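Visitor: In case you want the letters, here they are:
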Amino acid sequence: MAAMEASRCPDPADHGLSTPFVLDRRSILARLGEDEEIYQVMVDMFVHDVHDNCAALAAALEAGDAVALSREAHTVKGLLAMFSDEAGAAHAFWLEGQAKAGRVAGLAEAVACLQARLRQVAAALGA
Amino acid sequence: MHSVLIVDDSDINLTLIKALVLKLGECSPVLFDKPLDALEWCRGNVPDLVIVDYMMPDMDGLRFIAAFRALHGRNEIPVLMITANDQKDVRYEALLGGANDFLTKPIDRVEFSARARNMLSLRTGQKFLADRAEHLSALVDERTAEIREREKELIFRISRAAEFRDPETGPHIQRMAHYSRIIAGGLDLPPETQQLILEAAPMHDVGKIGIPDYILLKPGRLTPEEMEVMKGHARLGHELLKDSRSEIMRAGALVAISHHEKYDGSGYPNGLKGGQIPLFGRIVAVADVFDALTSERPYKRAWSLDDACRYLEDGRGKHFDPLCVESLLAGWEQVLEIRQRFRDEEVPPL
Chain C
421 MAAMEASRCP
431 DPADHGLSTP
441 FVLDRRSILA
451 RLGEDEEIYQ
461 VMVDMFVHDV
471 HDNCAALAAA
481 LEAGDAVALS
491 REAHTVKGLL
501 AMFSDEAGAA
511 HAFWLEGQAK
521 AGRVAGLAEA
531 VACLQARLRQ
541 VAAALGA
Chain X
87 MHSVLIVDDS
97 DINLTLIKAL
107 VLKLGECSPV
117 LFDKPLDALE
127 WCRGNVPDLV
137 IVDYMMPDMD
147 GLRFIAAFRA
157 LHGRNEIPVL
167 MITANDQKDV
177 RYEALLGGAN
187 DFLTKPIDRV
197 EFSARARNML
207 SLRTGQKFLA
217 DRAEHLSALV
227 DERTAEIRER
237 EKELIFRISR
247 AAEFRDPETG
257 PHIQRMAHYS
267 RIIAGGLDLP
277 PETQQLILEA
287 APMHDVGKIG
297 IPDYILLKPG
307 RLTPEEMEVM
317 KGHARLGHEL
327 LKDSRSEIMR
337 AGALVAISHH
347 EKYDGSGYPN
357 GLKGGQIPLF
367 GRIVAVADVF
377 DALTSERPYK
387 RAWSLDDACR
397 YLEDGRGKHF
407 DPLCVESLLA
417 GWEQVLEIRQ
427 RFRDEEVPPL
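The listed protein sequences correspond, in order, to chains C and X. Using my numbering, read the first sequence as starting at 421 and increasing by one per residue. Using my numbering, read the second sequence as starting at 87 and increasing by one per residue.
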């Protein structure tokens, strides 16, 4: 039964990934104490690192490394939460939990969803 | 300036936290993306605040805190741990493992500043108390040293007061005290005991204060009755010093009452024999007689060193403890140095 569950891709609607990311600059800035300088540094780093983050997720999945996949999903969860993407963070959290439980097989689609979300957020931030 | 250690494997988090730490003011952030490298740094450096992420490869935040706390002197340093909102169990474990407070992701600047400032205030308080304790300890050491110096000076002056009523001199007190220390060293007594006899020996004749002038200063030979009164100085010195709270004074009491005892039991005031005589008394007996023999007095010329040594050797097992005589002779180089250092015409400063 667990294997059956692991083979399923989560319904993106469950985490709200079907809804496009909308940048809420005000809430992010509020959290950073209205510091535009820090905000811009964070944005630049996120955009700069997005390719590496996607690659790390893919490498962990391809290697079947549950620990690494859990850790990368955890990192991405924090990054998306930093930019107030609650849906993306929830999806990363789900993925982290699956990997932590050792259910790596069949997560390809879920990882692809998360990668797509990362790129979407990066595009919004870089626009 | 506070040193703030930040440990997080994520570059973006390191950058964010560093920026927030700098905004606190008076802080110098030290960044590590590898917990093991951070621990290595901590072996030689003491941060004022540690901010550590929970989820890191190689070593998670819980293990980092445990290893950090195990380092000497790092037990009190505030640690802030960064966790996700969903990691309540981790927070409990971290609290039990030595974390002082938490930050949740995504990091909020207001919350971060408040918690970090609280932790730095705690650290400032710790340092203040530590500095104060150290300062007070140094002050106590300083005052204790002053009191001890005063005690030594007082003892020297008491001893001199007795010697002023006697033909003997200040340098005699110094020499016989140092000879006593040389003998104690030759007997392999511990350094603190050697120091104690050095400081106590000068009081050997303090009881002479209580001897009437007509006897103490009598130019001619004493009558048997007068001699008995004179011998009383040993008990008088003991009575004067015995109940002191000062260890040196109590040792002085022992020296006073036992330095005229003789190894064969023919001495006074108690006619003790051999090992019955307190060791300090046996030591001072040799030192005092040797210096008296080798010093010039108004009523006698100084003996030669050879004659004095012969006298001591002849007196082994009779007047003197043989081991004490051997110890003095074994330290001959030091004896000569003391004779040179404390000549009768000058009294060196204390």
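For the record, the hints were derived by calculation from the structure and aren't laboratory data. Small disclaimer: the values here were computed from a predicted structure and weren't measured. The reader is advised that the hints may include incorrect statements.
[To be verified] Listed next, the in silico DSBU-like pairs over lysine-lysine satisfying Cα-Cα at most 35 Å (straight line):
#, chain 1, residue 1, chain 2, residue 2
1, X, Lys-404, X, Lys-304
2, X, Lys-317, X, Lys-386
3, X, Lys-238, X, Lys-174
4, C, Lys-520, X, Lys-104
5, X, Lys-386, X, Lys-348
6, X, Lys-386, C, Lys-520
7, C, Lys-520, X, Lys-213
8, X, Lys-359, X, Lys-304
9, X, Lys-109, X, Lys-120
Visitor: Indicate, hint by hint, whether the structure satisfies it.
Guide: Hint check:
Taken as a hint, the X/Lys-404 and X/Lys-304 pair is honoured in the structure, with Cα atoms around 29 Å apart against an allowance of 35 Å. A distance of roughly 21 Å separates the Cα atoms of X/Lys-317 and X/Lys-386; the hinted pair therefore holds under the 35 Å criterion. For the given pair, X/Lys-238 sits about 65 Å from X/Lys-174 by alpha-carbon distance, which is inconsistent with the 35 Å threshold. Pair hint C/Lys-520 plus X/Lys-104 holds up; C-alpha atoms about 30 Å apart against a cutoff of 35 Å.
Of the pairs offered as hints, the one joining X/Lys-386 and X/Lys-348 holds, with about 23 Å between alpha carbons and a cut-off of 35 Å not exceeded. Distance hint between X/Lys-386 and C/Lys-520 is unfulfilled; the C-alpha atoms sit about 101 Å from each other, more than 35 Å. With a CA separation close to 42 Å, the supplied pair C/Lys-520 and X/Lys-213 exceeds the 35 Å bound. For the given pair, X/Lys-359 sits about 31 Å from X/Lys-304 by alpha-carbon distance, which is consistent with the 35 Å threshold.
The straight-line distance between the Cα atoms of X/Lys-109 and X/Lys-120 is roughly 24 Å, inside the 35 Å bound, and the hint therefore holds.
When the structure is compared with the earlier hints, violations turn up for hints 3, 6, 7 and for no others.
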